[in-house]
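> Those protein sequences? They're chains G and U, same order as listed.
Quick note, the first sequence lines up with residues 1 to 285 if you use the numbering used here.
Quick note, the second sequence lines up with residues 1 to 352 if you use the numbering used here.
Be a bit skeptical, because a hint or two may be false.
[To be verified] Derived DEER-like restraints, expressed as beta-carbon distance ranges:
1. 129/G <-> 241/U: 14 to 24 angstroms
2. 167/U <-> 84/G: 53 to 63 angstroms
3. 84/G <-> 142/U: 54 to 64 angstroms
4. 336/U <-> 84/G: 24 to 34 angstroms
5. 320/U <-> 123/G: 52 to 62 angstroms
6. 276/U <-> 145/G: 50 to 60 angstroms
[As the list claims (entries may be wrong)] Over 12 angstroms on every C-beta distance to chain U, these chain G residues come out as not near it, computed from the model:
7. 32
8. 45
9. 119
10. 143
11. 204
12. 205
Since the hints were made in silico from the structure, they are not lab data.
All residues carry an ideal CB built from backbone N, CA and C; glycine is no exception.
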Amino acid sequence: MTTATEQTVRDEDERPTPLVELDDVSKYYGNIRALEGVSLTVHAGEVSCVLGDNGAGKSTLIKIISGLHEHDAGSFRIEGEPAQLTKPRDALDRGIATVYQDLAVVPLMPVWRNFFLGSEPTVGWGPFKALDVERMRRTTREELLRMGIDLRDVDQPIGTLSGGERQCVAIARAVYFGAKVLVLDEPTAALGVKQSGVVLKYVAAARDAGLGVVLITHNPHHAYLVGDRFVLLKRGAMAGSHLRAEIDLDELTRQMAGGSELEELSHELERAPKPLHLGGEPTPD
Amino acid sequence: MTATAPAPAAGKSPADERLMRRSLARRLLGRPELGAVVGAIAVFVFFSFAADSFLRMSSFSTVLYAASTLGIMAVPVALLMIGGEFDLSAGVLVTSSALISSMFSYQMTANVWVGVLVSLLVTLGIGIFNGAMLTRTKLPSFIITLGTFLMLTGLNLGFTKLISGEVSTKTIADMEGFESAKVLFASQLTIGSVSFKVTILWWAVLVAVATWILLRTRAGNWIFAVGGNKDAARAVGVPVVKTKIGLYMGVAFAAWVSGQHLLFSFDSVQSGEGVGNELIYIVAAVIGGCLITGGYGSAIGSAFGAFIFGMTSKGIVYAEWDSDWYKFFLGAMLLLATLLNAWVRKRAEATA
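The following block holds chain G by itself, in its conformation from the complex:
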C-alpha cells in the first residue's frame, strides 16, 4: 500500500499538465453557498469520479466545467491556462464536451441530426451552404458502429432509443468531435444493471482512446469499476479526495454513504422502541 502511494506521488510530479484542474473553486448563488473549496484534477486517459448525495454540489461543479455557470472564486485551468468560461460554446471550443443525463438529445429529431447538432458539416458556399446530409448519415452510422452500437435506422427519432443507447450516442458524438475532456452527468442514474454496464463500457472506451473523463455519480460501485481518482462532495464542500490506490470499494462506499453518520443512524434504528401499535385505534388491553 505504502509503495503504491509513493509510486503515485512520484508519477504525479512527472506527469504532463492536467487537462482540467480546479483548485479551491467556489460558487455562490446569492447568499447560498453552492460549492466551496473544491479541487479536481483530470488527466488524459484517466477517469476522475465525483461522488456525492443529492444536493452535494455535483451539478454545480459540472456546470462550471461545462461553461453553463462561471465560478466565483478559486482557479480553473484548462491545460495549464487559467479559464473563465461564459457559455457552453467556450467549453466545447476548448475541447470539453458534456453529456447530460436528461438533456443530451432532442427526442423528436432523427439520430443523425442529433449526432451533428451544433457542428453540422456543410457543402457549397455563401447563402447556398447546405447540410452534407449523405456524409452526416454515413458518419453517424459508422461512428456508432465503431463504438459497438449497431443502429437499425439513423433516421428514427432519437427519442425511440433506450436511455442507455441515447447516452452512448451522446458519448460517441463527443468522441467523434475530438473532445479532450468528457464530462458525464449521472450517466447510469436512470438505467438498469445491464444498460449501466453498456454505458460504463463506453466510458472505459473513451478513457482508452486517451480522453480525460469526469464521471459524476452517486453510485460508488459504478465509480470504482472505471475510476482512477475520486472526489467526494458533501453539502457543497469537499469531503475527501483519493487516488484509486489509496482506497478500496468498501471504504469508498462507507464514506459515500455518510461514514460515521450511517453508523449512528443504524444504532438509532436498532434502539428505536417497538411501536405500541401499528395504526388504527389503540386496542385497550
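Starting from the known structure of chain G, arrange chain U on it as the hints suggest.
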C-alpha cells in the same frame, strides 16, 4: 393496416435485416404534412360536388389567390412554431407594415420605394424586438407577442387618425414609383385566358425557400432543435437566441411582403385591418402538421393548410351559401385535422 412490409431483397446486402423496408404508404404516414394533404383533397372533392363553378380555372385562380395571402404568412409562422414559439402580433404587423410605407411616402412626398424600404427596416425591427424581448425576459412568447399585438393595434389606429384625420390613409396612387412597386407586390400574370396574382409566386418561393432552410441547412437543424429541446440545443452549442430572433425576423419579412401587397392592391390602407388573422396563420400551420409544443412540422404542410382555407372561403361563395358558415367550417377543420394528425403520428410511430 393490412399492408405488410415486403421482405428485404437478398441482393441489397448493406440493408440491415432488422430494418424492414417501409412501404411507400407507411413512409407517407410518417410525414407531418399528411393530414393537411388528406384534408385538402377532402375539401376539394366536397366543393367540387357542392358548387358547380368551383372546378373552373378562373375559380381555381381565385382560390389560389385567397390561399396565397394567408400562405405567405403561414410559412414563417409554421417555422416559428417548429422553433417552439408563437407570434400573436403577426396579423396586425401586416397592417402596420402597409401603414408605414404608405404614410412615410405620403408625408415625406418621397418616392414610394423609399417608403417601402423604410417599412422593411421598421417591420424587421419589430420582429427583432419580439425576439429580443422573448430571449431576454424568458417570458412565454404568448405574453410578449400579445403585448406587441395590443400595442401595434393601438399604434395603427392612433397614428393614422393623428396624421390623416381618418381611419384610412390617403391615396398614394399618383405618387412616383407606385406603378413599379405595384408590379412587384400586386400585379397579375395572365396564363392563357386566366390571370394569376403575383402573390401566388411569392407564396411558392417562400414555401420552397423555407423548406430548403428547414431540411437542408444548419439553421433548419437549429430551428428543430430549439423547438424540440432548447436546453439540449444550447448545451451542444446551438445559438438559441440568434435562431429565435431570426425566426421572428422571418415573420416580420413575410408581414412586410403581405403589407405591401395590401397597400399596392388598392392605394390606401384601413388602419383597423389584420386583427384576428394571426390565429388563422397559426391554424394553417397546425393543420399543416406543426406540433403546438414545437420541434415538429413542415413548411409545405402550412401551404396545404392555407390552401384548405382558400378553398373553404371561396367554395362557400361559389356554393352560394351564407359566408357566415366559413368560420364554423374552419373550426371543424382545425379539430379534424389535429385529430387526424395525432392519429396518424401514433399509427406511424407504433408500426415504424
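> Hint by hint, note whether the structure agrees.
Evaluation of the provided hints:
1. 129/G <-> 241/U: 14 to 24 angstroms: 21 angstroms Cβ-Cβ, so the 14 to 24 angstroms window holds.
2. 167/U <-> 84/G: 53 to 63 angstroms: 57 angstroms, holds
3. 84/G <-> 142/U: 54 to 64 angstroms: 36 angstroms, violated
4. 336/U <-> 84/G: 24 to 34 angstroms: 55 angstroms, violated
5. 320/U <-> 123/G: 52 to 62 angstroms: Holds, since residue 320/U and residue 123/G (Cβ atoms, about 55 angstroms apart) stay within the stated range.
6. 276/U <-> 145/G: 50 to 60 angstroms: 54 angstroms, holds
7. 32: Label holds. Min Cβ-Cβ 21 angstroms, cutoff 12 angstroms.
8. 45: 24 angstroms, holds
9. 119: 7 angstroms, violated
10. 143: Label holds. Min Cβ-Cβ 15 angstroms, cutoff 12 angstroms.
11. 204: Per Cβ check, residue 204/G is outside 12 angstroms of chain U; nearest 23 angstroms; holds.
12. 205: Answer for residue 205/G: holds, closest chain U Cβ roughly 21 angstroms.
Going through the hint list in order, the structure does not satisfy hints 3, 4, 9.
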